[in-house]
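A.B. asks: Each chain, written out:
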Amino acid sequence: MILESFRLALQAILRNLLRSFLTVLGIVIGVAAVIAMVTIGQGSSDQVTASVESLGSNVLVLRPGRAMMGPGVSDSAPEFRLADAEALAGLPVVAAAAPVSSTSLTVVYGNSNATTTITGTDTAYLDINSWDVTRGRSFTSAEERAGSAVCLVGETVRQKLFGATDPTGEMIRLKGVACEVVGLLAAKGASSFGMDQDDTVIVPIRMLQRRVTGSTDVANIRVSVAPGVTTDRAIRDIQTLMRERRHVAVGEEDDFSVTDMKEISSMLSGINNVLTGLLSSVAAVSLLVGGIGIMNIMLVSVTERTREIGIRLAVGAETGQVLSQFLIEAMVLSLIGGAIGIALGLLIAFVGAQVMAIPFAPSLGVVALAFVFSALVGVVFGYFPARSAARLDPIEALRHQ
Amino acid sequence: MPPPLIEFRGVSRSYGEGEARVMALDTVDLTIEAGEFVAIMGPSGSGKSTAMNIIGCLDRPTAGHYLFQGADVSNLSRDQRALLRRHYLGFVFQGFNLLARTSALENVELPLIYKGMARTERIAWAEAALEKVGLSGRAGHDPSQLSGGQQQRVAIARALAGDPMVILADEPTGNLDTRRSHEIMELLAQLNRDDGITIVMVTHEEDMATYASRRIDFVDGRIVSDTGARAMEGAA
Ligand SMILES: Nc1ncnc2c1ncn2[C@@H]1O[C@H](COP(=O)(O)OP(=O)(O)OP(=O)(O)O)[C@@H](O)[C@H]1O
Ligand SMILES: [Mg+2]
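Chains Z and E are the protein sequences, given in the same order. Counting along the first sequence from 1, when you hit position 113 you're at 113 in the numbering used here, and nothing is skipped either side. Counting along the second sequence from 1, when you hit position 176 you're at 1176 in the numbering used here, and nothing is skipped either side.
Hints were generated in silico from the structure; no laboratory data involved. Please note that a few of the clues may not be correct.
What the hints assert, rightly or not - Now the in silico label distances, taken between C-beta atoms and shown as ranges:
#	chain 1	residue 1	chain 2	residue 2	range
1	E	Arg1119	Z	Ala368	28 to 36 Å
2	E	Gly1045	Z	Val282	57 to 65 Å
3	Z	Val355	E	Ala1118	51 to 59 Å
4	Z	Val372	E	His1065	49 to 57 Å
To be verified - Only part of the chain Z face toward chain E is listed, based on derived beta-carbon distances under 7 Å:
#	residue
5	Arg15
6	Leu17
7	Glu308
8	Ala314
9	Val315
10	Gly316
11	Glu318
12	Thr319
13	Ala361
14	Ile395
15	Ala397
Quick reminder that beta carbons are idealized off the backbone N, C-alpha and C, glycines included.
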């Protein structure tokens, strides 16, 4: 009997396709919006989480100048030197410290060339960022000390320059310096800031300073906190050391900043969650509006179908049967709307994920929830029209034109 | 002797209150036996449809008692009356009242759905009913693809499908031309004669009333003349 009711409901729905379509449009849009928002939000938050995890142990970044001065804004604070990184590495609260300087350059291999970021640093940098060398090897300490012309290439650079060729052992030219590729870096993907981390060539920092930039400046220092040490404690010790090294007078502000990367990432993912929540609630409101749309059109349909209801009552339909007929119709309608909405929402999320280069993260829970919710919308908003249909007086309903 | 099929004991039906009160039916006594073919006549507003609605359990008397097969049904609930209609009564209306965009077959199936009949059985019954009214060839047609006479035949098939004891027809030929009207009347007379279905029909046309075996005239909510059940044998 239940199956029969669903079959009849489907029949009634198909009998007036245009009206049915208009009825479910609101639900389709609402569900699609919710699904797309939640899926895209989940994808980008997955990405932030992944990039937080890829940082490995807690990472701090030291930059010269006061805190919160964006890149390029300098307040004449002295730059770091290699010795600063060495001194930091000697602190018990620090597991590793890597000096980093970088510049943008065109690198040439045979006939191909690519503009990329040349990062001068040392092997501690790879440890701090949990970055592996998948082929070849990392720098030796002798190469680091001597500033030898050796380099590690990122996956993007490998693709651009070498294609199918194994890059290890090949020579590339950076600003006229011939440089041997000793290793290939593991693919890391985009960072939470949307930058392609694989579009880089890493060289020993002394090699960059001497042969490329010609300056002994170190742009920033990356530090990983020793296991079992709190980040706050590490920052305090680092600040004390650096103030001393940079001769900052007592009472004066630090002329450098220490940024906790995890903090930035979790802040990002927090913003991300707030945004997703906000957009999802806007979408949920549109789902509600969709439900009201169903109620409206069902009410209109009850008026339009008054005579049909009269006929059904005349041939012996009980109140409950008319009620359940309209309820089931509303439910089937909104379930169809929900199903279309889910498909559409996933499609939008999939395309969106491709465009924004974030993972496509459909969640079964959300899909199931949307489905249940649309059935609920059907019942809740279908009830009022169904009840008014079931309560009609058969004589008046039959007389209705 | 079994109780009469339909019995009105002082049935009244009033609309409105106080000054505006209208007595659509005024203490009517009426007995219709199973197997009769009754024509109800009378001027507009005389209470014919009101009487039909009460007989058809679509409405309830405001005073008096309506006995169906000897059982007082005047105070049954809405759903109890629906069950009575479902199992004993069939309706034919002036305006056909078929479901639009629904095939003749599906229209005829409608009462069977509420009888809880399985689909295959339903289709067989509906097809048989359509055959009885001479429309087997039109089962798949929509009402919009059928003439008025054909639509009324579908409506009769629908009334028939539920296997009723009584068919109530309120001006069944009101929307049809004379030829079509006679065809419909012949069909009703045949159902009465061959299947023993009791027929109560409202009509404004003398010609149509002659098909019935008994004629009752209403004026102002009262019966003013009744040829009586006796006339049945003579007319047949
Ligand atoms: N729903 C209603 N509300 C108020 N008065 C009504 C209602 N239905 C019928 N009446 C009144 O009851 C009286 C009888 O109406 P009824 O419909 O039974 O007449 P009828 O004999 O069928 O007329 P006709 O030949 O025009 O169909 C009329 O005076 C009508 O105005
Ligand atoms: Mg009337």
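A.B. asks: Now tell me, hint by hint, if it's right for this structure.
C.D. replies: For each hint, the structure was consulted:
At about 32 Å, the beta-carbon gap between E:Arg1119 and Z:Ala368 stays in the expected band of 28 to 36 Å. Remark: the range hint 57 to 65 Å for E:Gly1045 to Z:Val282 is upheld by a beta-carbon distance near 59 Å. With their beta carbons about 53 Å apart, Z:Val355 and E:Ala1118 fall inside the hinted range of 51 to 59 Å. A hinted range of 49 to 57 Å holds for the C-beta pair Z:Val372 and E:His1065, which are about 52 Å apart.
Contact between Z:Arg15 and chain E, as hinted, is supported at the beta carbon level, the nearest pair being about 5 Å apart and thus within 7 Å. Taken as an interface hint, Z:Leu17 does not check out: its beta carbon lies about 10 Å from the nearest beta carbon of chain E, beyond 7 Å. Using the Cβ-Cβ criterion of 7 Å, the hint placing Z:Glu308 at the interface with chain E is satisfied: the shortest such distance is roughly 6 Å. The criterion of a C-beta within 7 Å of any C-beta in chain E is met by Z:Ala314, whose closest approach is roughly 5 Å, and the hint holds.
Restraint check, Z:Val315 versus chain E: the minimum CB separation of about 4 Å is within 7 Å; hint holds. Taking 7 Å as the C-beta contact cut-off toward chain E, the hint placing Z:Gly316 at the interface holds, the least distance being around 2 Å. A least Cβ separation of about 5 Å between Z:Glu318 and chain E falls short of the 7 Å threshold, and the interface hint therefore holds. For the restraint placing Z:Thr319 at the interface with chain E, the shortest Cβ-Cβ distance is roughly 6 Å, inside the 7 Å limit, so the hint holds.
At a threshold of 7 Å, the smallest CB-CB gap from Z:Ala361 to chain E is about 44 Å, leaving the interface hint violated. Interface restraint check for Z:Ile395: the shortest CB-CB distance to chain E comes to about 5 Å, inside 7 Å, so the restraint holds. Given hint, Z:Ala397 at the interface with chain E, is violated; its Cβ is 10 Å from that chain's nearest Cβ, farther than 7 Å.
When each numbered hint is compared with the structure, violations occur for hints 6, 13 and 15.
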